[in-house]
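2 protein chains.
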Amino acid sequence: MSSSSFQPPQRVLMGPGPSDVHPRVLAALAKPTIGHLDPAFVGLMDEIKAELQYAFQTANEMTMPVSAPGSAGMETCFANLVEPGDEVVVCVNGVFGTRMKENVIRCGGTPVIVEGEWGRAVDPDQVRDALKAHPDAKIVAFVHAETSTGARSDAAAIAAIAREHDCLSIVDTVTSLGGIELKVDDWGLDAVYSGTQKCLSAPPGLSPVTFSARALEKLKARATPVQSWFLDLSLVMGYWGEGQQRSYHHTAPVNALYGLHEALVMLHEEGLENAIARHRRHHEALKAGLEAMGLSYVVPQDERLPQLNAVWIPDGVDDASVRRRLLEDYGLEIGAGLGDFAGKVWRIGLMGASCTKRHVLLCLSALETVLAEAQAPIERGAAVEAAAAAYAA
Amino acid sequence: MSSSSFQPPQRVLMGPGPSDVHPRVLAALAKPTIGHLDPAFVGLMDEIKAELQYAFQTANEMTMPVSAPGSAGMETCFANLVEPGDEVVVCVNGVFGTRMKENVIRCGGTPVIVEGEWGRAVDPDQVRDALKAHPDAKIVAFVHAETSTGARSDAAAIAAIAREHDCLSIVDTVTSLGGIELKVDDWGLDAVYSGTQKCLSAPPGLSPVTFSARALEKLKARATPVQSWFLDLSLVMGYWGEGQQRSYHHTAPVNALYGLHEALVMLHEEGLENAIARHRRHHEALKAGLEAMGLSYVVPQDERLPQLNAVWIPDGVDDASVRRRLLEDYGLEIGAGLGDFAGKVWRIGLMGASCTKRHVLLCLSALETVLAEAQAPIERGAAVEAAAAAYAA
Numbered sequence: 005m006s007s008s009s010f011q012p013p014q015r016v017l018m019g020p021g022p023s024d025v026h027p028r029v030l031a032a033l034a035k036p037t038i039g040h041l042d043p044a045f046v047g048l049m050d051e052i053k054a055e056l057q058y059a060f061q062t063a064n065e066m067t068m069p070v071s072a073p074g075s076a077g078m079e080t081c082f083a084n085l086v087e088p089g090d091e092v093v094v095c096v097n098g099v100f101g102t103r104m105k106e107n108v109i110r111c112g113g114t115p116v117i118v119e120g121e122w123g124r125a126v127d128p129d130q131v132r133d134a135l136k137a138h139p140d141a142k143i144v145a146f147v148h149a150e151t152s153t154g155a156r157s158d159a160a161a162i163a164a165i166a167r168e169h170d171c172l173s174i175v176d177t178v179t180s181l182g183g184i185e186l187k188v189d190d191w192g193l194d195a196v197y198s199g200t201q202k203c204l205s206a207p208p209g210l211s212p213v214t215f216s217a218r219a220l221e222k223l224k225a226r227a228t229p230v231q232s233w234f235l236d237l238s239l240v241m242g243y244w245g246e247g248q249q250r251s252y253h254h255t256a257p258v259n260a261l262y263g264l265h266e267a268l269v270m271l272h273e274e275g276l277e278n279a280i281a282r283h284r285r286h287h288e289a290l291k292a293g294l295e296a297m298g299l300s301y302v303v304p305q306d307e308r309l310p311q312l313n314a315v316w317i318p319d320g321v322d323d324a325s326v327r328r329r330l331l332e333d334y335g336l337e338i339g340a341g342l343g344d345f346a347g348k349v350w351r352i353g354l355m356g357a358s359c360t361k362r363h364v365l366l367c368l369s370a371l372e373t374v375l376a377e378a379q380a381p382i383e384r385g386a387a388v389e390a391a392a393a394a395y396a397a
Numbered sequence: 005m006s007s008s009s010f011q012p013p014q015r016v017l018m019g020p021g022p023s024d025v026h027p028r029v030l031a032a033l034a035k036p037t038i039g040h041l042d043p044a045f046v047g048l049m050d051e052i053k054a055e056l057q058y059a060f061q062t063a064n065e066m067t068m069p070v071s072a073p074g075s076a077g078m079e080t081c082f083a084n085l086v087e088p089g090d091e092v093v094v095c096v097n098g099v100f101g102t103r104m105k106e107n108v109i110r111c112g113g114t115p116v117i118v119e120g121e122w123g124r125a126v127d128p129d130q131v132r133d134a135l136k137a138h139p140d141a142k143i144v145a146f147v148h149a150e151t152s153t154g155a156r157s158d159a160a161a162i163a164a165i166a167r168e169h170d171c172l173s174i175v176d177t178v179t180s181l182g183g184i185e186l187k188v189d190d191w192g193l194d195a196v197y198s199g200t201q202k203c204l205s206a207p208p209g210l211s212p213v214t215f216s217a218r219a220l221e222k223l224k225a226r227a228t229p230v231q232s233w234f235l236d237l238s239l240v241m242g243y244w245g246e247g248q249q250r251s252y253h254h255t256a257p258v259n260a261l262y263g264l265h266e267a268l269v270m271l272h273e274e275g276l277e278n279a280i281a282r283h284r285r286h287h288e289a290l291k292a293g294l295e296a297m298g299l300s301y302v303v304p305q306d307e308r309l310p311q312l313n314a315v316w317i318p319d320g321v322d323d324a325s326v327r328r329r330l331l332e333d334y335g336l337e338i339g340a341g342l343g344d345f346a347g348k349v350w351r352i353g354l355m356g357a358s359c360t361k362r363h364v365l366l367c368l369s370a371l372e373t374v375l376a377e378a379q380a381p382i383e384r385g386a387a388v389e390a391a392a393a394a395y396a397a
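Those sequence lines, one after another, are chains B and P. So that you can map any letter, position 105 of the first sequence is 109 in my numbering, and since no number is skipped, the others follow by simple counting. So that you can map any letter, position 217 of the second sequence is 221 in my numbering, and since no number is skipped, the others follow by simple counting.
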């Protein structure tokens, strides 16, 4: 078999990520590759670190993108901080909490599970109870923005409880960074990882991480080496460290970093608070439209992520055929349910460059049309007007 | 601090990688991002697998790019195949053999080191002796093309010895894939990893790997789970497996894969044998020019990689200032020495899109000029003519 050049179909990405990548970011990806030890590239790395500190709202020196997707960012946190035998409280209220548990086990740790409800925030009282029952626990791990359910947890509250019990926090912010408030330093989060393909709207493939001084202390005090050479932060940091004297670790993904840099520049130009307000505003309009259609949200209002709208699939409607129609007729991608929610839930993303008025109106009108064609029990003709009213409010 | 869009300087990349990325590949990177579960993307994944099978000359079903750089490809092989307590024969004749040893240790294995000379091929007889002395060894690991020294080892011979002793082979082909002969199936290699930024001339950030059926048997028979969730091939393969029913594992780096796909399409268009012949041809010309200048190679002729030309830095010449002049005056990057060779050796890459007549002549004429300015003891005026004569031969 011999292949020919790939021509991607035109899509509008409103799933759980990747989100639409802005033409400026796409153009940045295509700039000529330079060497990863070139002085100009080292300067770029410094800028990326500084821009990530801004996005994370942190002064942590150890702030940089791991050269692999968000799952590797998660593993970076666990592999560096969990030592064999460590008890780790893991809050599970969706797919990514479950994955955290798996990471603890593979690092030789003992997970203490705080079992939450899918589609709900983590309950801080349950975390406190778990820590009282397990006074030797070293770490509390939880997901700030559960991409599988659309639930937002109170990261500040959970991290504060962790500190009260002398635990570090490991926090998944894959879907929250750049989309909702996230204050790493003010909230006292210790090891935080994210992704590029959600509210930052860079392509997938990198995982921004930041580690507090407390987290680095635990890393330095390890009795056993980090089991991953590639993810060992004590080595990675020599590469991403200060100034021109970098020690070679791996070869950075040069062009992917061009893209991330441009996305971060755009975030800074817009301003973090404006970006967060934008996610909120378009969410309100989408929500008004979806509810006018008769669809209902999985997550209670005050625990809901604006950038990830999980709604119940109406009775009698075939999940896959609706998503296929949206994709084929409108080039519109929305997300399927994951794990326990497969076939039951749609996840509609409003992330980064996919969070605009035109995305909201296309989604509402296309979904309404396809659902009507599928004879779904929905209200016709009300969604777009409701969204417009929300924008006017 | 607020940054502005990055404008990379214009470079000609003749270091140990990344190599120059062809404009077709750069353009592919900038194509609009689509979802990683989009049917069109799943089709792209199938094509990438098939093209990698061609490049590796293998029918291995388990052939795909790991979503991270070559170092993670290395770790994929060790983390999946080495179990705690396993004895692993590791051939060390440069930086990357040393890194293999580190990987064995972090996986809980016991490395048995075959100590080779830097700048020389691995000696198959030493491997045989090590296996005789360690009859319980499970794996033989070695580097086919040592990027730190420019030495090529006889992968077919070493893998055959491994098989005779009922061992699997783990083979680093980061710098060999697409540049010199590499026949995974004919040579019976078991777990092979590579990089994209060398002779394939895609940007860095992905690591093609291929696993034989024998390697998969060892993976399936493991008594302990793979310590890395992200690199666990039994999970990754569900994502890169056959047909449209993929199970979600991580989010693939969509645009980086566009680039790799285009680079593989270009390799197939040229033909693997033609690409290999091209690397040989330009190496002969570069070598003629370098030797006419009075520079000498680190590696004996019959153990030399055409795509990585390691030469001794002339006495009294300051390594860093010569490389800085080349970079600043000509935009030309050549590689510094690594590890034991730091400050003593230059590594001149002729990889992929950086392997052309114009690269050879620019390198020779710029290096000659800069060395002459530095009062280095070289022969002036002979290099370009010698290269031209080699092309004419």
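These are computed hints drawn from the structure, not numbers from a lab. Don't take every hint at face value.
Identical copies carry no separate label here, and so any pair may be met within one copy or between two of them.
[Unchecked claim] Pairs of lysine-lysine residues, derived as BS3-like cross-links and limited to a Cα-Cα distance of at most 25 Å, are as follows:
| # | residue 1 | residue 2 |
| --- | --- | --- |
| 1 | Lys35 | Lys348 |
| 2 | Lys222 | Lys35 |
| 3 | Lys348 | Lys224 |
| 4 | Lys35 | Lys142 |
| 5 | Lys361 | Lys35 |
| 6 | Lys348 | Lys142 |
| 7 | Lys361 | Lys224 |
| 8 | Lys222 | Lys136 |
| 9 | Lys136 | Lys35 |
| 10 | Lys361 | Lys105 |
Cross-check of the supplied hints:
1. Lys35 with Lys348: neither (42 Å within a copy, 33 Å between copies)
2. Lys222 with Lys35: neither (39 Å within a copy, 42 Å between copies)
3. Lys348 with Lys224: neither (45 Å within a copy, 34 Å between copies)
4. Lys35 with Lys142: Neither. Shortest intra-copy (44 Å) and inter-copy (45 Å) distances fail the 25 Å Cα cut-off.
5. Lys361 with Lys35: between (30 Å within a copy, 23 Å between copies)
6. Lys348 with Lys142: neither (37 Å within a copy, 47 Å between copies)
7. Lys361 with Lys224: neither (48 Å within a copy, 50 Å between copies)
8. Lys222 with Lys136: Within one copy, since 21 Å is at most 25 Å while 43 Å is not.
9. Lys136 with Lys35: neither (54 Å within a copy, 52 Å between copies)
10. Lys361 with Lys105: Classified as neither: same-chain Cα gap 38 Å, cross-chain 54 Å, threshold 25 Å.
In this structure, the hints that do not hold are numbers 1, 2, 3, 4, 6, 7, 9 and 10, in rising order.
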